[in-house]
Amino acid sequence: MHLEFFQLTSPGDRRANQDAMVHIVNNDYALFIVADGLGGHQAGEKASQFFCKGMLKYAKTYSKKMAQNPREIFLAWINDAIDEMRVLFADDQLANGAYTTCAVLYLDENLTVVAHCGDSRVYHMTPKEILWRTRDHSIPQDLLDIGLITEEELARHPEQNQLTRSINVNKLHPIDINILAPINKDETFVLCSDGFWEYVKKEEFLQLADLESNKTKLAKLVRLSIYRAMGKSDNVTAQTIRCRKR
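So that you can map any letter, position 148 of the sequence shown is 148 in my numbering, and since no number is skipped, the others follow by simple counting.
Because the hints were derived from the structure by calculation, they are not lab data. Keep in mind that a hint or two might mislead.
What the hints assert, rightly or not - Derived PhoX-like pairs (lysine-lysine); straight-line CA-CA distance at most 20 Å:
id	residue 1	residue 2
1	202	220
2	185	201
3	202	215
With these hints in hand, go ahead and build the complete structure from the sequences.
Listed below in structure tokens is the structure:
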């Protein structure tokens with residue numbers, strides 16, 4: 001499994017960047033994470049960073065167990081990461097009001113695992129089509145699911161930022177975990193915060209799955225998403241992961 005990946009993050013029009021992104025790529029597995037912090041500047045920034053640190057801390061332990069029962073193992077991995085968030089926050093009064101979304105991708109030779117909470121997304125694509133995306137945990141997504149708005153209207157909905165789930169040290173909301181087939185040659189995954197996908201069109205997403213796509217193309221779309229927000233851009237973060245060969 002030979003992977004090619006690119007990643008970028010920008011504060012957009014905000015003073016601080018509360019998004020966090022991390023990755024691990026080695027001979028046995030790959031792990032990619034995008035997290036978008038909520039709850040005010042310092043609280044959100046810490047929440048996203050601490051969640052990522054927790055996932056990295058337990059990566060070696062849980063990656064060795066993934067063949068056993070991937071859904072249960074990955075959920076345990078995430079729960080331990082949230083416990084680590086609690087440890088890192090310690091007695092910080094910001095903890096109770098600090099939340100983060102997450103989009104997580106795990107790849108090895110035998111399976112693909114996608115986990116998410118909130119409105120950070122994972123897209124699965126070929127050069128010709130978007131095969132699948134995670135379902136947002138938000139009020140507009142609920143409206144889309146029952147047919148009251150369209151996919152195009154979702155990103156501009158006035159309640160787009162109203163989440164129904166997020167990650168907090170109190171573990172109040174469940175995490176969605178999807179087990180997929182091993183990644184195939186020329187397939188692409190994109191992980192991104194809402195600051196990216198809100199302003200990137202479907203046909204532009206597919207550009208990231210083009211076999212000639214590179215970091216320059218990703219950077220162009222990041223800049224475009226900020227420009228289209230007309231001075232009100234959120235933090236913008238995206239990772240693209242492509243399988244060059246099996």
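Hints versus structure:
no., hint, in the structure
1, 202 to 220, "15 Å, holds"
2, 185 to 201, "24 Å, violated"
3, 202 to 215, "18 Å, holds"
The structure fails to meet hint 2 from the earlier list, while all remaining hints are met.
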